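Chemist: Taken in order, these protein sequences are the chains called A and B.
When we follow my numbering, the leftmost residue of the first sequence carries the number 1, and every step to the right adds one.
When we follow my numbering, the leftmost residue of the second sequence carries the number 1, and every step to the right adds one.
Rather than coming from a laboratory, the hints here were simulated on the basis of the structure.
No experiment lies behind these values; they were computed from the predicted model shown.
You can take every hint at face value.
Label pairs and their computed distance ranges (CB to CB): (1) 15/B x 280/A: 35 to 43 Å; (2) 287/B x 346/A: 51 to 59 Å; (3) 287/B x 137/A: 54 to 62 Å; (4) 354/B x 68/A: 24 to 32 Å; (5) 102/A x 39/B: 24 to 32 Å; (6) 317/A x 179/B: 54 to 62 Å; (7) 152/A x 39/B: 42 to 50 Å; (8) 48/A x 137/B: 25 to 33 Å; (9) 354/B x 341/A: 52 to 60 Å; (10) 48/A x 307/B: 32 to 40 Å.
With the C-beta cut set under 10 Å, the calculated list includes, among others, these residues of chain B facing chain A: (11) 28; (12) 56; (13) 62; (14) 63; (15) 64; (16) 68; (17) 70; (18) 308; (19) 385; (20) 388; (21) 389; (22) 395; (23) 411.
Quick look at which bits of chain B chain A covers, simulated, 3 or more residues with Cβ under 8 Å: (24) 34–42; (25) 293–304; (26) 403–410.
By construction, the Cβ of each residue, glycine as well, lies at the ideal position given by its N, Cα and C atoms.
2 protein chains.
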Amino acid sequence: MITILNNSQTSKKTFLRNIIFMIGDGMGVSYTSAYRYMKNQDPFEQVKRTSFDPYLVGQQMTYPNDPFLNITDSAAAATALATGVKTYNGAISVNRELKKLRTILEAAKENGKLTGIIATSEITHATPAAFGSHNTDRNNMNEIANSYFDERMNGKHKIDLLLGGGEEFFVRKDRDLSKEFMNDGYSYITNRSELLKNKNHKLLGLFAKREIPKMIDRPKNIPSLEEMAHTAIQCLNQHSNGFFLFIEGSQIDWGGHNHDIVSVMSEITDFEKAFNCAINFARTDEHTLVIATADHSTGGFTIGANGHYYWNSETIGAFKRTPGYLANELLLGANLNDILLKYTDCLFTSDEVKNIEEAIQTYKPEKIENAFKTIIDKRTNTIWTTDGHTGEDVPIYAYGPYKENFAGLLDNTDIAKCLFEIIERKQVILAH
Amino acid sequence: MITILNNSQTSKKTFLRNIIFMIGDGMGVSYTSAYRYMKNQDPFEQVKRTSFDPYLVGQQMTYPNDPFLNITDSAAAATALATGVKTYNGAISVNRELKKLRTILEAAKENGKLTGIIATSEITHATPAAFGSHNTDRNNMNEIANSYFDERMNGKHKIDLLLGGGEEFFVRKDRDLSKEFMNDGYSYITNRSELLKNKNHKLLGLFAKREIPKMIDRPKNIPSLEEMAHTAIQCLNQHSNGFFLFIEGSQIDWGGHNHDIVSVMSEITDFEKAFNCAINFARTDEHTLVIATADHSTGGFTIGANGHYYWNSETIGAFKRTPGYLANELLLGANLNDILLKYTDCLFTSDEVKNIEEAIQTYKPEKIENAFKTIIDKRTNTIWTTDGHTGEDVPIYAYGPYKENFAGLLDNTDIAKCLFEIIERKQVILAH
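Next up, chain A with everything else stripped away, as it sits in the complex (with noise of 0.2 Å):
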């Protein structure tokens, strides 16, 4: 049983206005506490804690309602935390029936908020689209983005503000949906420069022509996630019902199927960081509720290998590009010695040096990419399981009015509701 409390309940004595919810795909336990491991490299008494330990509320179980599968997917899992409704492994907001559900974007338009999706991965990936859009497969982005312009509600958009990659679902040869969205008034950027000069809370910035390159990899004129974060908070807190945005580092996940625990850590602090922003929003704001969560963990990642008793996090630190970077460089023909003296802080051994340079003979980026991938791994006693998902309980996060509602042993369809509730101000008994 989840008791919603209501306002004059909860330890924060103001009403709420406005909702962040924040998805950190795949960043599991594993995840979250490797990043403290990062932050305490030496043998310690006292830890460093991360951005998210202190709003720590609980944990979620992330199963899907699949006819085959009891591992979710992230459509399922973000269907699940967007709608409150189990469905299969690639729905996006459709039920297993393949009826639409509505999403709390949905409600928090209806209740006359504005609304924003943002992600690190193309705007159209399953879990951003599963709050701001309905299909039954997360592979039809083209479908996703047309409806991203057409679906209404109550003859207007129901989404604000888009800000991600994903341009060439966009801007394509049968529809231009830049151009539609402009001529709704929207404004429509593609730089870092552009999005910190906007103040258009219409908003559709599209900084890639598909993911947004990873943190550490990220050329100047891309913005970070917490810029966009900054930006999309700015622009939509101007109105007095408030806003409901939803904010994904999603490609936290990607470094776990791709078993590149650099990319992780990398991703991990993009989205650190655009947490920080929304809480100190939400301080200072003092009507606004923050959640951060997972829809699942990534890779079967494990901290420790092998039977060896120390992650050592140094190596991941001495990188200052993802392998998959330095491996695109050197197949360019860059020099392998300036390659490692530009972009780590490493002293590789001759076994090291001579398993990458026999990498780059065979011309083929993933075998380059893992060369360094095995570096790295067996250097910090970093190990996989999957390339796929992994059915572990992940953290909640929360903090503001209401936060208590999100403590203890949550179901992820329980975040849904529990936030229909909040957004529709009832007070009710959910059972589960």
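Position chain B against the provided structure of chain A, taking the given hints into account.
Modeler: Positioned in the frame of chain A, the structure of chain B alone reads:
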């Protein structure tokens, strides 16, 4: 910052008399989540919860303070949980300077409480030892057994009740501690029927030479962890000052080290029943705080493997004995078909049977056991990354007065610090 709330500020308006502190050794988030999957073998919308789930309040960090290692062993973790001080791996409630550290069991005894320790390992094993003993090395189990008798507080024994395995460390050629305890008024028991009849709160119960057999392999004359917990609570609950009882589900961890998911589930079931016993007592008593947590996670077990999005626990439930038990029976000459019919509900493929038969031909128990474990892991999509421990945060469960103090993200040392303050009824603020 953790504010230690006094009784009047807690949700239960009752004073605290008893503390039951439970550790599921190695029972990390993958384990508690997998155990819930075991209870939900069909696809589902609404999940059946475990007995632990309603009591989740937070997570704790498990790092040791070791000069060379940053993933804890059970000794350093239990020392942190029992004394509030991080130490080196292998230490039994001594610090890095080898000085003895006061334990919460000792604080409870100083404050007039009866005390008890229960484990399914040798009762001299690292985790229970850190609550009732001090030693520079967890392997000194004779010394630890001696100290249970020899270490006094105000001239009296500090541990009133000890139940578990490890008879060979008490009844030795050089010293028979069972007789020494009996001379001091303790009852000494060695089987289930004696346990169930016992009324003496001065009690030494040793039910195996070393560890107690795993729950699903356990002969009828050896008590369950639940029965030990029940007897302990009945015997210790006779004193106005209350009691401190430590209970360990010791072999969840051993199942993890051994990459044996059948044993893991067997031992979590044993621990869950003991947890229910503690909770039921606390719910009736209203003056009892129950804390349950893990010391670390083990084995790098992940729910899902090799890209599969389905963890199929059916095969685990189909085993009525552990793989190690079946291996021993087969080594003693039992017929394979008879064993499979008697002890499993599986239909085995001809390839699976052939693999077991080939293993039997080696006459090596670990080969036969591994043949079963390989079948189970493959069928279930279970996988492991280490024969040691892993470093991710572990869950905290709490019920009763003061439970609020254990919510959120704690350090393992915070749990002991809170318990010291609660036992000593001081109201302070702990910085961390």
